[in-house]
Amino acid sequence: MPGRCVFGRRWAIGSDDFVLPGAFELSVRLLWWVGILALYAVHKGQFNCPGGGLLHSYLLVLLILLASIICALSALVYISMQGTISNPGPRKSLPKLLYTRLLLYLPEFIWAVVGAVWVSDSSVRCEKTVINVIMGTVIASWVIIIFTIIGVVIVFDPLGGKKTFYLTSSVNRNLESSQSGQLLYNVKNTATRVWEKRIRLLCCCIVQNDDHRVAFTSIAELFRTYFSDTDLVPSDIAAGLTLLHQEQDKMESCPKEPEEVLCHSPTSLATDDLDIELENAAHYMLFAAAAYGWPYYIYTNPFTALCKLNGDCCRNRPTDSDITGSDRHSFHFGSILKITGLQYRDFIHISFHNKIYEIPFFVALDHRKEAIVVAVRGTLSFEDILTDLSADCEDLTLEDVLENGFVHKGITQAASYIYRKLINDGILNQAFTIAPEYKLVIVGHSLGGGTASILAIMLRNSFPTLRCYAFSPPGGLLSKSLADYTKHFIVSVIVGKDLVARLSMPNMEDLKRRIVRIVANCNKPKYQILLRGCWYEVFGGDPDNSPTELDGRNQDALTQPLLAEESLMVRRSPSYNALEDESHLNSPPQYPHLYLPGKIIHIVEESSSRRLCSSDIKYTARWSNETVFSSILISPKMITDHMPDVVLKALNSLSQERGSCISC
Numbered sequence: 001m002p003g004r005c006v007f008g009r010r011w012a013i014g015s016d017d018f019v020l021p022g023a024f025e026l027s028v029r030l031l032w033w034v035g036i037l038a039l040y041a042v043h044k045g046q047f048n049c050p051g052g053g054l055l056h057s058y059l060l061v062l063l064i065l066l067a068s069i070i071c072a073l074s075a076l077v078y079i080s081m082q083g084t085i086s087n088p089g090p091r092k093s094l095p096k097l098l099y100t101r102l103l104l105y106l107p108e109f110i111w112a113v114v115g116a117v118w119v120s121d122s123s124v125r126c127e128k129t130v131i132n133v134i135m136g137t138v139i140a141s142w143v144i145i146i147f148t149i150i151g152v153v154i155v156f157d158p159l160g161g162k163k164t165f166y167l168t169s170s171v172n173r174n175l176e177s178s179q180s181g182q183l184l185y186n187v188k189n190t191a192t193r194v195w196e197k198r199i200r201l202l203c204c205c206i207v208q209n210d211d212h213r214v215a216f217t218s219i220a221e222l223f224r225t226y227f228s229d230t231d232l233v234p235s236d237i238a239a240g241l242t243l244l245h246q247e248q249d250k251m252e253s254c255p256k257e258p259e260e261v262l263c264h265s266p267t268s269l270a271t272d273d274l275d276i277e278l279e280n281a282a283h284y285m286l287f288a289a290a291a292y293g294w295p296y297y298i299y300t301n302p303f304t305a306l307c308k309l310n311g312d313c314c315r316n317r318p319t320d321s322d323i324t325g326s327d328r329h330s331f332h333f334g335s336i337l338k339i340t341g342l343q344y345r346d347f348i349h350i351s352f353h354n355k356i357y358e359i360p361f362f363v364a365l366d367h368r369k370e371a372i373v374v375a376v377r378g379t380l381s382f383e384d385i386l387t388d389l390s391a392d393c394e395d396l397t398l399e400d401v402l403e404n405g406f407v408h409k410g411i412t413q414a415a416s417y418i419y420r421k422l423i424n425d426g427i428l429n430q431a432f433t434i435a436p437e438y439k440l441v442i443v444g445h446s447l448g449g450g451t452a453s454i455l456a457i458m459l460r461n462s463f464p465t466l467r468c469y470a471f472s473p474p475g476g477l478l479s480k481s482l483a484d485y486t487k488h489f490i491v492s493v494i495v496g497k498d499l500v501a502r503l504s505m506p507n508m509e510d511l512k513r514r515i516v517r518i519v520a521n522c523n524k525p526k527y528q529i530l531l532r533g534c535w536y537e538v539f540g541g542d543p544d545n546s547p548t549e550l551d552g553r554n555q556d557a558l559t560q561p562l563l564a565e566e567s568l569m570v571r572r573s574p575s576y577n578a579l580e581d582e583s584h585l586n587s588p589p590q591y592p593h594l595y596l597p598g599k600i601i602h603i604v605e606e607s608s609s610r611r612l613c614s615s616d617i618k619y620t621a622r623w624s625n626e627t628v629f630s631s632i633l634i635s636p637k638m639i640t641d642h643m644p645d646v647v648l649k650a651l652n653s654l655s656q657e658r659g660s661c662i663s664c
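Using the UniProt record's numbering, the letters of the sequence shown map in sequence onto residues 1 to 664.
Errors might be hidden in some of the hints.
Below 27 Å or equal to it, Euclidean Cα-Cα: the simulated DSSO-like pairs (lysine-lysine) are [what the hints assert, rightly or not]: (1) K524 with K480; (2) K618 with K649; (3) K649 with K369; (4) K637 with K512; (5) K338 with K355; (6) K421 with K197; (7) K649 with K637; (8) K250 with K637; (9) K649 with K338; (10) K369 with K487; (11) K188 with K512; (12) K369 with K355; (13) K439 with K338; (14) K338 with K421; (15) K487 with K439; (16) K92 with K637.
If you are wondering where the hints come from, they were derived from the structure by calculation, not from laboratory data.
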């Protein structure tokens with residue numbers, strides 16, 4: 001529901017968010033009160049010692065104070081349990097209870113200070129057990145007060161004052177247009193500055209220059225635009241995600257239509273082509289994984305990696321002309337040698353240089369496939385994350401190919417950097433001088449896959465036989481015209497429900513719209529949704545079949561936001577603006593659709609053992625198209641399916657399985 005307004009400003013917490021934290025504090029307070037009462041009853045006649053009267057008074061007042069807090073908490077939790085996310089009516093008395101509970105912090109703080117003074121007073125010489133217990137109560141009081149302060153800091157919304165004013169004034173139609181325009185401009189500027197400060201704080205450990213400042217502003221604008229039209233608190237989003245996950249699982253369990261099954265049935269020619277590409281992809285994925293260097297090697301070999309690297313990495317260190325960037329103790333280069341199985345003489349150039357829009361890569365000779373391989377590293381640093389998040393669109397004009405192709409700005413700049421290094425520094429010329437008959441292959445995973453794809457587009461005219469393998473590339477990468485152009489020389493490999501392959505601004509807008517819709521129209525209280533969701537994610541079971549206000553509605557009736565959804569919108573979402581004329585698959589005007597590059601191989605789990613310790617997983621692969629990835633799927637595997645070791649494992653499993661079938 002909309003954020004709670006307290007003390008004249010909005011906070012990032014709803015009136016139904018006090019159930020779980022309140023119940024936890026209530027249980028602690030009850031145990032505390034019972035313990036103090038038992039102590040008082042047992043030692044009632046033993047306060048005749050020096051200072052005992054003060055301790056006796058402290059315990060009595062503490063019992064009364066705890067009883068008052070328990071009553072206030074009980075009422076707060078009970079009222080917070082009422083209603084649903086979009087129906088806060090039964091919780092209208094909660095603000096008074098919240099103010100009462102907050103008011104009780106004042107005497108509790110004073111009594112905690114008094115208790116600390118009394119316990120530390122050397123003139124108090126009562127029984128040791130009594131003093132220790134009272135000292136424990138004083139410590140407990142301070143711990144609760146400190147955690148409360150931390151909680152207040154977490155739910156504090158820097159835009160609370162301005163956003164509340166904007167919410168109330170946006171309803172007032174009597175405002176002059178110039179006044180409301182100036183108000184909106186001020187809110188937008190403040191929101192951008194707040195997001196920029198947050199990003200700077202997260203990236204405080206990296207050296208910042210003009211490129212970073214431009215990126216910070218661009219990313220802040222992106223976040224501000226995305227979050228500006230909804231009034232959801234974090235728990236609403238969590239509830240929406242768990243509801244969406246269960247809804248998607250219910251849809252997957254439904255039998256497919258015959259037409260849908262037929263359209264995925266591959267021809268024999270396509271199957272042969274798929275087998276060849278899977279074998280190539282399994283081979284080149286080693287190079288894409290090796291580009292991560294020692295972090296990937298240690299992650300996949302946690303017990304033996306350090307010993308192997310310490311023993312081998314320094315024996316054949318390349319000369320300074322072959323390597324750029326920092327590689328202390330040659331751990332990166334040693335890991336690349338171990339993963340790829342190549343020799344030092346097979347490497348033409350290695351760059352570990354890493355800045356925003358400048359990512360590491362290496363160029364090597366692959367004698368097995370007779371290829372010159374350019375492997376680009378994926379996301380592994382704050383600079384890489386900034387490159388990922390610089391998601392504005394920019395034009396990529398290719399001579400004799402296309403005129404107006406849209407691409408991801410940050411990834412395109414990273415590809416341009418590598419392009420300049422390869423061409424201007426003569427790296428590719430050197431490679432083809434050594435092996436003129438070899439073909440050029442560009443590979444990468446994640447950010448590296450996206451960069452490799454755009455780099456392949458840039459090099460295509462100069463190297464017509466070029467091939468590119470993009471593993472788990474970002475979804476919002478190329479416009480439709482460029483994506484179609486790349487189908488001749490790029491193969492993208494996606495595993496399961498990989499989140500990154502579905503990430504694009506239109507897909508994020510669609511996810512936001514679906515979260516608002518399913519949350520606003522669910523008839524269950526939020527705490528029940530979250531508890532059931534946690535149980536479902538950890539232990540599984542059948543998806544929750546809770547009824548919503550959407551049940552029984554036809555599709556035409558769902559193309560406009562319902563009243564419950566309007567309560568969660570600061571202004572009408574760009575998603576709904578698009579829905580007025582077209583279906584939800586069409587992108588909002590300010591977010592043009594960008595797609596995955598090339599032909600797409602989609603690998604999914606066919607079956608797996610129910611046992612947690614079992615690794616008996618079978619995969620199946622098929623050719624897919626970009627429309628399959630036009631929606632974000634919520635799943636515990638949406639992150640793990642993106643990891644390079646999972647992609648490599650799936651490819652190796654498929655390659656071995658198909659190889660054994662051929663031999664049979």
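Going down the list of hints, with the structure as the test:
no., hint, in the structure
1, K524 with K480, "41 Å, violated"
2, K618 with K649, "11 Å, holds"
3, K649 with K369, "20 Å, holds"
4, K637 with K512, "20 Å, holds"
5, K338 with K355, "26 Å, holds"
6, K421 with K197, "33 Å, violated"
7, K649 with K637, "15 Å, holds"
8, K250 with K637, "17 Å, holds"
9, K649 with K338, "17 Å, holds"
10, K369 with K487, "21 Å, holds"
11, K188 with K512, "20 Å, holds"
12, K369 with K355, "32 Å, violated"
13, K439 with K338, "24 Å, holds"
14, K338 with K421, "25 Å, holds"
15, K487 with K439, "18 Å, holds"
16, K92 with K637, "39 Å, violated"
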